[in-house]
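Chains as they are written, first to last, in the working numbering: chain A, 6 to 428; chain B, 11 to 159.
It should be emphasised that the hints constitute simulated quantities derived from the structure, not laboratory data.
Treat the hints with care, as some may be off.
What follows is a list of derived Cβ distance ranges for each label pair [to be verified]:
id, chain 1, residue 1, chain 2, residue 2, range
1, A, 172, B, 77, 43 to 51 Å
2, A, 104, B, 37, 42 to 50 Å
3, A, 153, B, 38, 23 to 31 Å
4, B, 38, A, 397, 15 to 23 Å
Partial selection, computed: residues in chain B whose CB lies under 10 Å from chain A [said to hold, decoys possible]:
id, residue
5, 89
6, 133
7, 136
8, 138
9, 140
10, 147
Ideal placement from N, C-alpha and C gives every residue a C-beta, glycine not left out.
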Amino acid sequence: MPGTRQTEWRSGQKWPPLPELLLRPFIDLEPCGQGPLYARGIEQYWNALAEECRPQFALQRALPAIFRAQFLSEIGRLDDIVEDPRQVPAPLRSARWETLCQAIDSWHELSADRKCRVVLLLHALCFYALISRLVFELDDTEIAADRCQAELAYWWASARYMSNLRGRAKDYVGADMADIERIARLGRHGGPVAVNAALKLLVHAAKTGAPADRLRGLQAQAEQTVDAVVAEADVFTGRLLLSRYYRAAAFVPQRQGLRADVIRMMDLAEQYAASLIPSDDAQELLYLENLHPVLESRTKEALWLGDLDLALSRARSVVDLDPYDPRTWLELGEVRSRRGEIAEAAESYAVAATLGPPASAIARHMAGTCYRDLGQPMLAGFFFKEAAEADGRAISPHDAIQALPDVPVIAALKAWSLRSFSF
Amino acid sequence: MSIADIQNAISQSTALRTNPGYHGFMTIVHTSEPLVVAAMATNTSSVQYGNIRMAVGVWEQIAQIVGKLSAADRPQVFQCTPVSLMWKLLLPAIEKIRSAGADPSSPTASPGYAGNFEKLKDEYNAWTQTPAGKTYSTDAAQAVHAFFG
């Protein structure tokens, strides 16, 4: 019966863990009162599916494929770890989840616009493998003829990109970008989706260390597309695209070590981001969700420039903007750590650990390293043990435990660690 | 070296570590006390002695596979391979074999036994002291990383 979870929560028999409250939309598409922006965004994806009079909705951030399983595993909802929403047992489905399942069931009867709305929601929920199966490869003629088909093709390509991404983006050198390149080549005819593709190509190339000439070529392509698409877009969309363009384009002068040019481009990215005037809830979220990576990038920029005070101020702004996203606290912890403020860094990491996935294990480990560096090996040992327990395949916390001082209590922890790591 | 070479090295190492015979034996070692692990390496005619030699041999092979990569590429293997922990786990048996001799027909000590594995462990431990090595490592792909950028 749909809505079982809600009944269970309200009965008071079982109150869910904190991460479940913060990330609830990923379980049943019901809204979360408090949560990171990417979780709150699910409500807008849902609204765009439920009410087709609304514009399509898409945030910039794509979550790693493993996020969904990691989160559900941590909160003990193993029945929800599925590759297709329809594999969630019927009694556990909310009414919204059931509607999504029905839309997937009737996939072949859906209009291209509705297919896009379904795919956007599935993409936000990290069902990348399912998107790869639902959407067949579209040829260049189909993509060029219809913006909805171009959208579908882009999100299909994005899902494949995310499915194959393991670890850090900078190590994703072998990514197949051919499908994204096809969409970028549409230029102004593709509309905003062509901008998405052009910017993805540029950012991917920059992060994976492509040569400066290649970066300049991709920047020129992105600039041309952005200019053409912005000329036809509404004010909100235009400014949003320009903010995104300047943030991505700043990679090019950064590669060349041109500090003034990086600052100028990032100033523009922030100015356009701040100038957005949202007219409804969906746009409010788009505005905030764009400010998040802008300020995050500005923190990295400040670190790159060696200005640790500015980096701290900007990292705090990101936390203020998105306080329930554990990643913001991890980043604040890193800035604190670089400033030598180890106790404050430990506190930031502890907050990230409290908020949970996807930072649970890493944040515990990083808090452990802080306490180790502060000369508190017992406290460090506690956090390393917690990290190892949160991530069954962890290596670093076990290595760190083995490196702690040889005292009797820690000897027991070391023996436990050596018997519990994943070999 | 190319990305393909790194991926190939990781894939070969993983294949060795997930071999059923190795994995089954390591499950026993993993739950055994150090003294018991050392005892496995005493009776050269026992099945357990053969298994210990096989397990150490796997890590000698992994060391040779990783050794073919450039120094700059090796960290990518280190990020997902518990080299130091495995060394510590097998060390009681390695020390026993080194002192008794790795050749059962000769009583001469073999201090160089598992030398490649030990060299790999030293290199791994040195890497953990570098900025890159201080980031969070796990055998599982993580949805987030300790350091941003």
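Hints, verified against the model:
{"no.": "1", "hint": "172(A) x 77(B): 43 to 51 Å", "in the structure": "violated (22 Å)"}
{"no.": "2", "hint": "104(A) x 37(B): 42 to 50 Å", "in the structure": "holds (46 Å)"}
{"no.": "3", "hint": "153(A) x 38(B): 23 to 31 Å", "in the structure": "violated (58 Å)"}
{"no.": "4", "hint": "38(B) x 397(A): 15 to 23 Å", "in the structure": "holds (19 Å)"}
{"no.": "5", "hint": "89", "in the structure": "holds (7 Å)"}
{"no.": "6", "hint": "133", "in the structure": "violated (14 Å)"}
{"no.": "7", "hint": "136", "in the structure": "violated (13 Å)"}
{"no.": "8", "hint": "138", "in the structure": "holds (6 Å)"}
{"no.": "9", "hint": "140", "in the structure": "violated (13 Å)"}
{"no.": "10", "hint": "147", "in the structure": "holds (4 Å)"}
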